[in-house]
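Work out the full structure: start from the sequences and follow the hints.
The listed protein sequences derive, respectively, from chains A and B.
Following my numbering, the numbering of the first sequence begins with 1 at its first residue and continues without gaps.
Following my numbering, the numbering of the second sequence begins with 1 at its first residue and continues without gaps.
Think of the hints as simulated: they come from the structure by calculation, not from any bench.
Hints are supplied without guarantee of correctness; some may be wrong.
Unchecked claim - The calculated lysine to aspartate or glutamate pairs, modelled on EDC-like cross-linking and capped at a C-alpha distance of 16 Å, are:
#	chain 1	residue 1	chain 2	residue 2
1	A	K244	B	E11
2	A	K201	B	E38
3	A	K355	B	D49
What the hints assert, rightly or not - Away from chain A, derived, C-beta distances all over 12 Å, residues of chain B:
#	residue
4	Q6
5	K8
6	E11
7	Q37
Ideal Cβ placement from N, Cα and C applies to all residues, glycine included.
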Amino acid sequence: MNQSTTARIPLITLVGPPNSGKTTLFNYLSGNNFKTVNYPGATVEYSLGKFQLKFSLEANLLDSPGIVSLFPNSPDEEVSVKSLFSHPELGSPDLVIITVDASQLSRHLLLVKQLKESNFRIVIALTMVDILQRKKLDINTKKLGELFSCDVIKIDGRSGRGVRTLISTIENIFSTEKFKVPETTRANFSNDTNDLIETFKEIEMIESKVLISLDDIPQTPNISKANKQLRILIDPKSKIECYKIDARTLKIDKILLHRIWGLVVFFAVMTLTFTSIFWLAEPLISLVDTFFGMLSNESLKLLGYGWFGDLVANGIISGTGSILVFVPQIIILFLILGLLEDTGYLARGAMLIDKPLSKIGLNGKSFVPMLSGFACAIPAILAARTIPNRRERLLTIFIIPLMSCSARLPVYALLLAFILPADRSWLGGFLLASIYIFSIISSVIIASIINKMRHKLIKEEDNSSFILELPAYRTPKFKVVLNNTIMSTKAYLKKAGPVILTLSLLLWILTSFPNINPNIDKSGLNEEAVLSLTKAERLSTSYAADLGKIIQPVMTPIGMDWRVGVSLIAAFAAREVFVSSLALIFKVTTDETTLQNSIVNSMRNATVEETGQKLFTTSTIIGLIIYFVFAMQCLSTIAVSRKESGGWRIPILQIIIFTSAAYILTLISVNGLRALGLD
Amino acid sequence: MKTASQLKFGEKVIIINIDSSHPSSRRILEIGFTPGQEIELVNSSMFNDPLAFSIRGTLIALRRNEADCIKVE
Chain A
1 MNQSTTARIP LITLVGPPNS GKTTLFNYLS GNNFKTVNYP GATVEYSLGK FQLKFSLEAN
61 LLDSPGIVSL FPNSPDEEVS VKSLFSHPEL GSPDLVIITV DASQLSRHLL LVKQLKESNF
121 RIVIALTMVD ILQRKKLDIN TKKLGELFSC DVIKIDGRSG RGVRTLISTI ENIFSTEKFK
181 VPETTRANFS NDTNDLIETF KEIEMIESKV LISLDDIPQT PNISKANKQL RILIDPKSKI
241 ECYKIDARTL KIDKILLHRI WGLVVFFAVM TLTFTSIFWL AEPLISLVDT FFGMLSNESL
301 KLLGYGWFGD LVANGIISGT GSILVFVPQI IILFLILGLL EDTGYLARGA MLIDKPLSKI
361 GLNGKSFVPM LSGFACAIPA ILAARTIPNR RERLLTIFII PLMSCSARLP VYALLLAFIL
421 PADRSWLGGF LLASIYIFSI ISSVIIASII NKMRHKLIKE EDNSSFILEL PAYRTPKFKV
481 VLNNTIMSTK AYLKKAGPVI LTLSLLLWIL TSFPNINPNI DKSGLNEEAV LSLTKAERLS
541 TSYAADLGKI IQPVMTPIGM DWRVGVSLIA AFAAREVFVS SLALIFKVTT DETTLQNSIV
601 NSMRNATVEE TGQKLFTTST IIGLIIYFVF AMQCLSTIAV SRKESGGWRI PILQIIIFTS
661 AAYILTLISV NGLRALGLD
Chain B
1 MKTASQLKFG EKVIIINIDS SHPSSRRILE IGFTPGQEIE LVNSSMFNDP LAFSIRGTLI
61 ALRRNEADCI KVE
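Structural data, given as structure tokens:
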């Protein structure tokens, strides 16, 4: 493993305890120049990047989830530790940068000590020095560096202060002639807790040697000058000062963790989050919708109504539109989640909800993954890795598909637009909110049923635990959060986009072939009539129609026909494909301004072929909504669920349980509503 | 012996030891709850579980049964 640095690009790994500012530093160092990758074989995500060009440092930079110690406690920590010791493709790191919160020195030095014992070459990046200085304390970085025989640099990953020094320090280390990749050993940290207690005693000794008081010295902006005048503290008073909790945080917690007000605020925050998702995203969504509807129409006019024009307009453009239409919602949800996380509130939310969630076999730590599930199940399932207990993690993964993800929104929007009278469109928001509440209640019920049957279904027993740091409240940096939001949205689009587009094109082929140019009797018909007849003929003799007729027997009991069935099959690509697929099948040829309006109109005229009854009625629309609340209707989710749960058991159970629940409940509600006289 | 789960709000005590038979004991130690440290019960969630303690200058939320393995003076 002793390669010289000239032979390959050096690898620098970033590690650090949670809340130590590690990811902020990573983002600052790499700019936006990184990608998230799966850890080979274990499918856990980490970020691999290069340094920003302005730093002119040629090295790979690896970032993975935060760890408290080298003794992992949850799947995400396990991966961090594994990739630290030996990455399957990149090998051992040449250098490890460890972020240490200066105000949490005695807790965060544990990891430093363990890394040092494992023989890593380390640089300590000291963060949050400003918080410590507010307590009139500082850290003697030179002394700390001597004690660990490594470089210590004070940095601020938000403003970038100190980063230049960090870079030149790294360059110095690499340019030393004798530099070699260190041989690391994965020390077998014994389970003996007495060793740990001893380690902490040593750390406390170090702490008292490096902690210095700013008390007696007049505040001066020149820290290096000030350092000379500082005295090293021996008296325990400084320690007491250091261990004082931020007074502002305590004050805010008096309200936000109050047993009554805390809950009021919690529900208010959640309500506000979801309502802003609907109302803020709504105009943006219709903008995207209108734009692609227009684009599709214009390109049809431009390219002609032959198969090529049809491919571009109804295959490619509509397909792209169906991907982009829910981007506003994902951005808004990620943005709100990011802001809540950055203020420190999400950890409090997890604490508040831990007890009720533990009653249904979940954990307070399931809260953030479940919340993310309202944007998309895929990042949500990945986020479940932070849950240490395997059974709780599997149950969280299990119910995440029931969270109403943003891909369902275009579907609900279309279906609600159908049953809403035009003059009462404001009702839409309320109906949408009730769908969300309905889906939350349903997932709670399903989780508790699964939890009851867990011995048969999930078969895991593990110590249930909830240990979570509640970070000090901070004003969120909007720019940083926005940046992260854009990154996650991009990553998401890259992952889901190609799949959705491919399936949209496949669907276009299925609905257009084999009879792409049908023979029809054109005599006595104008151009428009010929066109719509061609389309109808093309579709009714297509592969999709053949496929649809096979599933007709399943669709008839729930009041729907093969065309809806085909759309439901297509929606396995991604739920929102349901909309573009309905649009295709119900021949959106009108010159309406928005996609949605024209689909609604052609849906109003659709009839069941054999009976001539109206196909879409209030009861079938409600039935479809209920179907989408429950059905496991997403291939990507199934794939991620298999990877993350480590087998087919969970995804197969999800498909069987959710899809049959969806079908049965739709069957009951459609026929029940009809029996009650609602058509 | 008294445990951290029996504290009143605002009561400051010193940790005597951590019951190492508890499956979470290692993590509780790693996060900073070591013998000799002072802790204070600062907050609790509804149903008084989990509990939030002040330790080494930060707040850590623990479930009641986990706080039970922290023996205090």
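Verification of the hints:
no. : hint           : in the structure
1   : A:K244 / B:E11 : 15 Å, holds
2   : A:K201 / B:E38 : 14 Å, holds
3   : A:K355 / B:D49 : 6 Å, holds
4   : Q6             : 18 Å, holds
5   : K8             : 15 Å, holds
6   : E11            : 15 Å, holds
7   : Q37            : 9 Å, violated
Violated hint: 7 only; the structure is consistent with all others.
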